[in-house]
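The residues making up each chain are set out below.
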Amino acid sequence: MTYVDAGYVVVLTTLFVFAVSLVWRERSARRRAR
Amino acid sequence: MTTVLAPAPVRSGTRSGRWRVVAVRVVGAAALAGVVLTVWLGLWVTPQAVGFGNLVRLLYIHPPMAWVAFLAYGVASLASLLYLWPRTRHRRYDRLAGASAEVGVVFTGLTLVSGSIWGRPTWGTYWVWDPLLTSTAILFVLYLGYLALRRVPGDPEVVARRAAVAALVAFVDVPIVYFSVSWWRSLHQPPTIDFTGRHLYVHGSMAWTLLLGFVSFTLCYVWLMAHRYRLAALRDAEADAGLSAAIEERRAEAG
Numbered sequence: 029m030t031y032v033d034a035g036y037v038v039v040l041t042t043l044f045v046f047a048v049s050l051v052w053r054e055r056s057a058r059r060r061a062r
Numbered sequence: 013m014t015t016v017l018a019p020a021p022v023r024s025g026t027r028s029g030r031w032r033v034v035a036v037r038v039v040g041a042a043a044l045a046g047v048v049l050t051v052w053l054g055l056w057v058t059p060q061a062v063g064f065g066n067l068v069r070l071l072y073i074h075p076p077m078a079w080v081a082f083l084a085y086g087v088a089s090l091a092s093l094l095y096l097w098p099r100t101r102h103r104r105y106d107r108l109a110g111a112s113a114e115v116g117v118v119f120t121g122l123t124l125v126s127g128s129i130w131g132r133p134t135w136g137t138y139w140v141w142d143p144l145l146t147s148t149a150i151l152f153v154l155y156l157g158y159l160a161l162r163r164v165p166g167d168p169e170v171v172a173r174r175a176a177v178a179a180l181v182a183f184v185d186v187p188i189v190y191f192s193v194s195w196w197r198s199l200h201q202p203p204t205i206d207f208t209g210r211h212l213y214v215h216g217s218m219a220w221t222l223l224l225g226f227v228s229f230t231l232c233y234v235w236l237m238a239h240r241y242r243l244a245a246l247r248d249a250e251a252d253a254g255l256s257a258a259i260e261e262r263r264a265e266a267g
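Same order as they appear, the protein sequences are chains U and S. In case it helps, this note's numbering puts the first sequence at residues 29 to 62. In case it helps, this note's numbering puts the second sequence at residues 13 to 267.
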């Protein structure tokens, strides 16, 4: 893996995990609110 | 003046709430398409750069990360200012500031990591105590502190006011980070886009890909912000409901 690949993998993976965690936390909060 | 402890507005069932949900989905789809296109153009279509070779491809993600972090802290500061101003004080501005700062911290972390990955083959080291890198690391720590401060238990109004002041103090570091390459001797090259002189240091397909990167990651920020804000609103509503239930319980016990 080159430095360029590593940079893209780190950035895209982190953003994906953060986005999924936000959606998951929001859904859990919505479920609790019902 | 609107009371600070007004119920959190979670209105996904209303007409305007439904439109908001649709708008967020459209922004999310546009952000995803933009990021995919940026990655494709950045990794496979744009040419190598003289002196940097393939490493220039990191350019399409690293400056947009830094830009989004600055934007997020700008929004957090503006919201904090609106919260501190008595005429505009409302809980939604506190939520907005907290949500924006959290997204900003993620983007600052990614700026530092992608910059280090660029630095290893370019400068021969992942980290150097250069003015730009150091001030960016300080910015990261400052806003981590801000997020920690928001979690300190206490009266919601006092916590929000304290956090708003901290956000404004932390924002002082943003112009220091941006101008550090001009003010001090730095290993880091000058900004790729010079906002003060309105000059772009890349051209052709590289410039378009960089511009697309800026737009796509800005849309990512908007989408992440919308979700983080909704989460904060739901948690506030949950806390309010818990408080109301506790008050009712005490009244029933007393009566």
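It should be emphasised that the hints constitute simulated quantities derived from the structure, not laboratory data. Keep in mind that a hint or two might mislead.
[Unchecked claim] If the Cβ cut is set under 8 Å, some of the chain S residues that face chain U in the computed set are:
id, residue
1, Met77
2, Pro133
3, Trp135
4, Leu243
Yeah, the Cβ is synthetic: ideal placement off N, Cα and C, and Gly gets one too.
Hints, verified against the model:
no.: 1; hint: Met77; verdict: 7 Å, holds
no.: 2; hint: Pro133; verdict: 5 Å, holds
no.: 3; hint: Trp135; verdict: 12 Å, violated
no.: 4; hint: Leu243; verdict: 5 Å, holds
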